[in-house]
Each structure stands twice: as structure tokens, then as C-alpha cells.
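A.B. asks: Take the sequences, apply the hints, and build the full model.
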Amino acid sequence: MNIEHFKRLFAVSGIQRPAEAVLKRLLNNYIHRFHAVSSPESAFELYDFFNNLPATTTKDKLEYDYGIRLNDLYDPTFNANIITGADKTGAPILAKILMSSEVRMTKDLDLENSLVPGIVQTKICSVSLEGKDYTNQFSDGKYYCLIMPHYPRSLALLANLLTSETLLEEGKKILKALEYIHVKPANIFVSTNGEWFLGDFGSCVKIGETVVSCSEAYLPFNGVGREKARVGFDFFMLAVSLVVLLIDLKQIMHDNILSINISKLNKAIDSISCEPLKFFILKADLGQDCESKFSIQL
Numbered sequence: 097m098n099i100e101h102f103k104r105l106f107a108v109s110g111i112q113r114p115a116e117a118v119l120k121r122l123l124n125n126y127i128h129r130f131h132a133v134s135s136p137e138s139a140f141e142l143y144d145f146f147n148n149l150p151a152t153t154t155k156d157k158l159e160y161d162y163g164i165r166l167n168d169l170y171d172p173t174f175n176a177n178i179i180t181g182a183d184k185t186g187a188p189i190l191a192k193i194l195m196s197s198e199v200r201m202t203k204d205l206d207l208e209n210s211l212v213p214g215i216v217q218t219k220i221c222s223v224s225l226e227g228k229d230y231t232n233q234f235s236d237g238k239y240y241c242l243i244m245p246h247y248p249r250s251l252a253l254l255a256n257l258l259t260s261e262t263l264l265e266e267g268k269k270i271l272k273a274l275e276y277i278h279v280k281p282a283n284i285f286v287s288t289n290g291e292w293f294l295g296d297f298g299s300c301v302k303i304g305e306t307v308v309s310c311s312e313a314y315l316p317f318n319g320v321g322r323e324k325a326r327v328g329f330d331f332f333m334l335a336v337s338l339v340v341l342l343i344d345l346k347q348i349m350h351d352n353i354l355s356i357n358i359s360k361l362n363k364a365i366d367s368i369s370c371e372p373l374k375f376f377i378l379k380a381d382l383g384q385d386c387e388s389k390f391s392i393q394l
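This note's numbering puts the first residue of the sequence shown at 97, with every later residue one more than the last.
These aren't lab readings, by the way, just hints derived from the structure by calculation. Built from N, CA and C at the ideal position, the CB exists for glycine as well. It cannot be assumed that every hint is accurate.
To be verified - Per label pair, the in silico range of CB-to-CB distance:
hint, residue 1, residue 2, range
1, Ser-367, Ser-138, 24 to 34 Å
2, Ser-260, Arg-200, 16 to 26 Å
3, His-131, Asn-256, 31 to 41 Å
4, Thr-152, Gln-112, 20 to 30 Å
5, Leu-378, Ile-127, 14 to 24 Å
6, His-350, Glu-305, 18 to 28 Å
7, Ser-250, Lys-203, 18 to 28 Å
8, Ile-303, Leu-211, 17 to 27 Å
9, Arg-113, Ser-359, 12 to 22 Å
10, Glu-305, Asn-98, 45 to 55 Å
11, Ala-187, Ser-359, 19 to 29 Å
12, Ile-303, Asn-124, 39 to 49 Å
13, Gln-217, Lys-302, 49 to 59 Å
14, Gln-217, Ser-367, 30 to 40 Å
C.D. replies: This is the structure we're talking about:
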């Protein structure tokens with residue numbers, strides 16, 4: 097595909113004059129994604145994606161104000177708002193560009209000053225911009241980003257490598273973190289010292305508010321959208337996250353429903369003889385009746 101064909105696709109989606117600087121950055125750095133565009137919708141999504149990334153001025157201000165240097169997208173095929181970089185000491189970091197709702201939640205949680213063990217240490221940074229570097233995502237003319245360490249592994253990549261003692265010791269730290277914040281327990285990161293940290297705060301909601309995003313397959317009911325957040329949900333998903341380190345997730349799911357079969361889960365825990373997993377299930381306060389207790393009428 098050439099640039100003129102891309103512009104024609106974009107015009108069909110309603111945008112007649114895309115910014116040349118955005119198109120140039122796309123062509124110079126992400127040509128593989130450019131060639132994958134095949135429809136007006138995908139052209140619009142790709143342009144919008146790069147239009148909302150921090151430009152040179154933003155990066156310069158972050159370096160000047162906070163000593164943070166941004167590099168490239170963490171995973172261009174997966175997430176549009178997580179960027180790799182380094183702090184002033186040279187330590188690798190991830191910067192997550194926040195939506196307005198995430199900014200409010202992050203400030204309410206006061207993650208930077210929390211002393212709760214098992215939560216990724218973060219810092220929220222802001223950059224005031226004007227002119228072409230201004231993003232219309234934020235009405236007050238600011239970019240906000242959450243800075244956190246770039247851990248080398250997620251817990252999911254350590255399947256079958258962990259002892260029962262590690263599951264219990266590090267899992268208890270995550271339990272403590274889950275009492276403070278509602279988040280997907282599948283997103284647990286592991287430091288080079290083997291310590292676990294809860295991260296990815298994009299799905300946060302306050303206890304009692306409606307759950308809008310979670311690892312749906314890890315829940316004891318089908319679907320998300322009407323249930324209110326409570327710590328028990330997180331404890332249960334943590335237990336499932338640990339179980340699937342040892343067995344295939346499909347072994348504990350319903351045959352035709354995207355949810356956990358409690359009977360299969362209990363049998364799986366018994367079969368692998370891992371006492372810590374029973375501990376986490378009990379902490380979730382979910383019994384054999386939890387599927388009816390937490391059923392959702394969609």
C-alpha cells in the first residue's frame with residue numbers, strides 16, 4: 097500500500113486532512129503496521145493510535161521535568177498506550193499513557209505513596225502542552241502517564257517452575273495488595289529477585305462499583321457488566337491464576353461457557369495436592385453455590 101491509498105481509505109472514514117507528521121512517523125517507524133491496513137476502519141484506528149502517542153515535545157518535557165526518557169511501544173500489536181523507556185539512573189521503566197478515568201482512579205488510590213506490599217511502585221507524571229502536541233483526549237491540555245518498573249517476567253511465564261512455599265508466601269503479598277485495589281490478578285509481575293507485584297491498573301474500579309473489565313474466563317459466572325466489585329472476586333481470580341500455573345485453564349472451565357466450573361476447580365486443586373491453592377479459594381469466600389450466588393442476568 098502507498099501513502100495515497102492510505103489517505104483515500106482515511107477519507108472514507110471521515111478525515112480528509114490527516115497530519116503529515118503522524119503519517120511520516122508511521123511510515124518511518126511502523127511500516128509493518130502500515131502495510132496491514134485493509135479498510136477505512138483499520139486506517140482510522142491506526143492513524144488515531146499514532147496521533148495520540150507522545151510526540152517529540154512531550155518526550156522532551158518528560159525528560160526535563162522527571163528525568164524519564166521514552167523509547168518505543170511495549171507491544172505495537174497489543175497495547176497502544178504502554179511505552180518502554182528508562183529513568184535517570186538507567187533503570188528500565190514502562191510508561192502508561194492514561195485515559196481521563198484512569199487518571200482520576202490513580203490519584204484516588206495514591207499509589208505513589210501507598211505502603212501496601214505487593215503493588216507495583218508507580219509515579220504519575222503530567223505534561224502541559226499547547227498547539228499541535230496537544231491531545232484532545234484531555235480537556236485540560238495535559239498528558240498524564242503512570243511510570244513503573246519494567247519487570248522481566250509475568251507470573252504466567254513461570255508455569256510449573258514454582259514451589260508450594262513460593263505460591264503461599266508471594267501469593268499472600270498479592271492478597272494484601274488486592275485488599276487495597278481491584279485489578280486483574282492475572283497481571284502479576286515478577287522481579288529478578290522472584291518477588292511478585294500486582295500491576296496493570298487500567299481495570300481498577302472502587303469496591304462496590306460495577307466491574308467493567310476483568311479476566312472473564314477466571315470468574316465463577318458468565319459475563320461482566322452488572323456485578324459490583326468486591327474483594328472476593330479478586331481473591332477467587334488470584335486462586336485461578338495460581339491453579340493455571342500448574343494445569344491447563346480449559347480443565348477447570350465449563351464446556352460451553354466462558355467461566356470457571358467450581359466442581360472441576362476443586363477437583364483440580366485436590367489432584368495436584370497443593371495446599372496453598374486451597375487457602376486462596378477459602379479466602380475468596382466462595383462455596384459450591386457461588387455460581388448461583390454470583391449469576392448475572394445478561
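A.B. asks: Which earlier hints turn out false for this structure, listed by number in ascending order?
C.D. replies: Per hint list: 1, 2, 5, 9, 11, 13 violated.
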